[in-house]
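Undergrad: Going down the list, the sequences are from chains A and B.
Here the first sequence stands for residues 1 to 210, where the numbers follow the UniProt record's numbering.
Here the second sequence stands for residues 1 to 210, where the numbers follow the UniProt record's numbering.
There may be inaccurate statements among the hints.
Taking lysine to aspartate or glutamate pairs in the EDC-like style, the calculated list, with each CA pair at most 16 Å apart, reads [what the hints assert, rightly or not]: (1) 23(A) <-> 80(B); (2) 131(A) <-> 146(A); (3) 7(B) <-> 80(B); (4) 23(B) <-> 20(A); (5) 124(B) <-> 146(B).
Chain B side only, calculated, beta carbon under 8 Å to chain A, not exhaustive [what the hints assert, rightly or not]: (6) 31; (7) 34; (8) 35; (9) 36; (10) 40; (11) 44; (12) 78; (13) 91; (14) 92; (15) 95; (16) 107; (17) 109; (18) 113; (19) 116.
No lab work stands behind these hints: they were computed from the structure.
These numbers come from a predicted model, not from an experiment.
Note that CB positions come from ideal geometry on N, CA and C, so glycine has one too.
There are 2 protein chains.
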Amino acid sequence: MADEEEKTLIEILEENTPIDLTKYINFVHAPQSGAIATFSGTTRDTFEGKTVVELRYEAYVPMAIRRVKSICSLARSSWDLDSIAVAHRLGPVPVGQTSVFIAISAVHRADALDACKYVIDEIKASVPIWKKEIYANGEVWKENSEFLERRLEFGRGAQDKSTGVGGGCCGHVKVKVEAQDKKGCCGIKVRVENEEAAHVSNDNGGMDYE
Amino acid sequence: MADEEEKTLIEILEENTPIDLTKYINFVHAPQSGAIATFSGTTRDTFEGKTVVELRYEAYVPMAIRRVKSICSLARSSWDLDSIAVAHRLGPVPVGQTSVFIAISAVHRADALDACKYVIDEIKASVPIWKKEIYANGEVWKENSEFLERRLEFGRGAQDKSTGVGGGCCGHVKVKVEAQDKKGCCGIKVRVENEEAAHVSNDNGGMDYE
Numbered sequence: 001m002a003d004e005e006e007k008t009l010i011e012i013l014e015e016n017t018p019i020d021l022t023k024y025i026n027f028v029h030a031p032q033s034g035a036i037a038t039f040s041g042t043t044r045d046t047f048e049g050k051t052v053v054e055l056r057y058e059a060y061v062p063m064a065i066r067r068v069k070s071i072c073s074l075a076r077s078s079w080d081l082d083s084i085a086v087a088h089r090l091g092p093v094p095v096g097q098t099s100v101f102i103a104i105s106a107v108h109r110a111d112a113l114d115a116c117k118y119v120i121d122e123i124k125a126s127v128p129i130w131k132k133e134i135y136a137n138g139e140v141w142k143e144n145s146e147f148l149e150r151r152l153e154f155g156r157g158a159q160d161k162s163t164g165v166g167g168g169c170c171g172h173v174k175v176k177v178e179a180q181d182k183k184g185c186c187g188i189k190v191r192v193e194n195e196e197a198a199h200v201s202n203d204n205g206g207m208d209y210e
Numbered sequence: 001m002a003d004e005e006e007k008t009l010i011e012i013l014e015e016n017t018p019i020d021l022t023k024y025i026n027f028v029h030a031p032q033s034g035a036i037a038t039f040s041g042t043t044r045d046t047f048e049g050k051t052v053v054e055l056r057y058e059a060y061v062p063m064a065i066r067r068v069k070s071i072c073s074l075a076r077s078s079w080d081l082d083s084i085a086v087a088h089r090l091g092p093v094p095v096g097q098t099s100v101f102i103a104i105s106a107v108h109r110a111d112a113l114d115a116c117k118y119v120i121d122e123i124k125a126s127v128p129i130w131k132k133e134i135y136a137n138g139e140v141w142k143e144n145s146e147f148l149e150r151r152l153e154f155g156r157g158a159q160d161k162s163t164g165v166g167g168g169c170c171g172h173v174k175v176k177v178e179a180q181d182k183k184g185c186c187g188i189k190v191r192v193e194n195e196e197a198a199h200v201s202n203d204n205g206g207m208d209y210e
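Chain A on its own, in the form it takes in the complex (with noise of 0.2 Å):
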């Protein structure tokens, strides 16, 4: 566990600091490794037509890591792996700027590859980070669709094996969701009417949206 600890660097990173790739690679890169897999997320210019300008992010930081963390610990026990460095941008990430970067380490490539995939997907669909959309015209905060999703089964879970009141892996959680025709991976709105309450987080994992 000491190892695993030494071996993971996790860096949810204040507003205005970019992400510098080299020193996460470089903290994976081992003699011992054959293989490094990273992947990067940065603001794309347009979203369905939309010309974006830049993306802010929020996150309640103590929860954020701890489910990092935890999603790492699950890569290792899946995947033979060696080091694993995450960074997550907050505060507003210009077009072409990278907002997300993981990077790990593995004697073989599909171990690092297969891992490197399955974080990402993780941390999209169950870490605390929330996304707001800079429009040349407007802006629009964002929940992962992938996020939404996995709330909404956990809410399914806890509604079938409670009383059938509320919903949400803590039972108070509510949601509002425009559909939308096409699945992406920002392609669920959240509509929050009370901005603040999108960062009252507890430890259960529990938000309040109108």
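Guided by the hints, dock chain B onto chain A, whose structure is given.
TA: Using the frame of chain A, we list chain B on its own:
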């Protein structure tokens, strides 16, 4: 097609030319892409308990480039990709240094990640690049097991379809394999009695091993 060529960079690097990862990441970086996946193959310090000093790579360069181009085109036909960069070093690659690097950008992450895995798997399986492992106490030419398996598959196919004489994708490939218990990325040894022959190749990919 012109656009595809502009967005594909393939370099087989001469001896003692380290791979500059940033150069290839910058090449695939684009404001319209939200995802960049990369893979680095590096020389690791041990193989089957033996201390590795360095690997040495040789290639029939024109064919290697043609094959990599073909792999990139096939990747584009399977996934929605923006840019692809592939670099492979020749000559000695000391422990810890990168021998092959792939960077792929796409609008969505699944395309970039899946294509990256496909491209490295296909490079290992079908590009004529040979590797000599230099140990502390000796050296051995290796052919990647996947490359060999692919050639043997072609060979079986050719034999099935023809008179049953010969084998190999062009009907005259003879390979002597030392079977090993454990399958790894370099798990099969090829004995090359005439080293020069390993570099003789024609447009059909023919190589004469004894």
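Undergrad: Each hint: holds or not?
TA: Results for each hint:
no., hint, result
1, 23(A) <-> 80(B), "violated, 29 Å"
2, 131(A) <-> 146(A), "holds, 13 Å"
3, 7(B) <-> 80(B), "holds, 13 Å"
4, 23(B) <-> 20(A), "holds, 15 Å"
5, 124(B) <-> 146(B), "holds, 6 Å"
6, 31, "holds, 4 Å"
7, 34, "holds, 4 Å"
8, 35, "holds, 6 Å"
9, 36, "holds, 4 Å"
10, 40, "holds, 4 Å"
11, 44, "holds, 4 Å"
12, 78, "violated, 16 Å"
13, 91, "violated, 18 Å"
14, 92, "violated, 16 Å"
15, 95, "holds, 5 Å"
16, 107, "holds, 7 Å"
17, 109, "holds, 6 Å"
18, 113, "holds, 5 Å"
19, 116, "holds, 7 Å"
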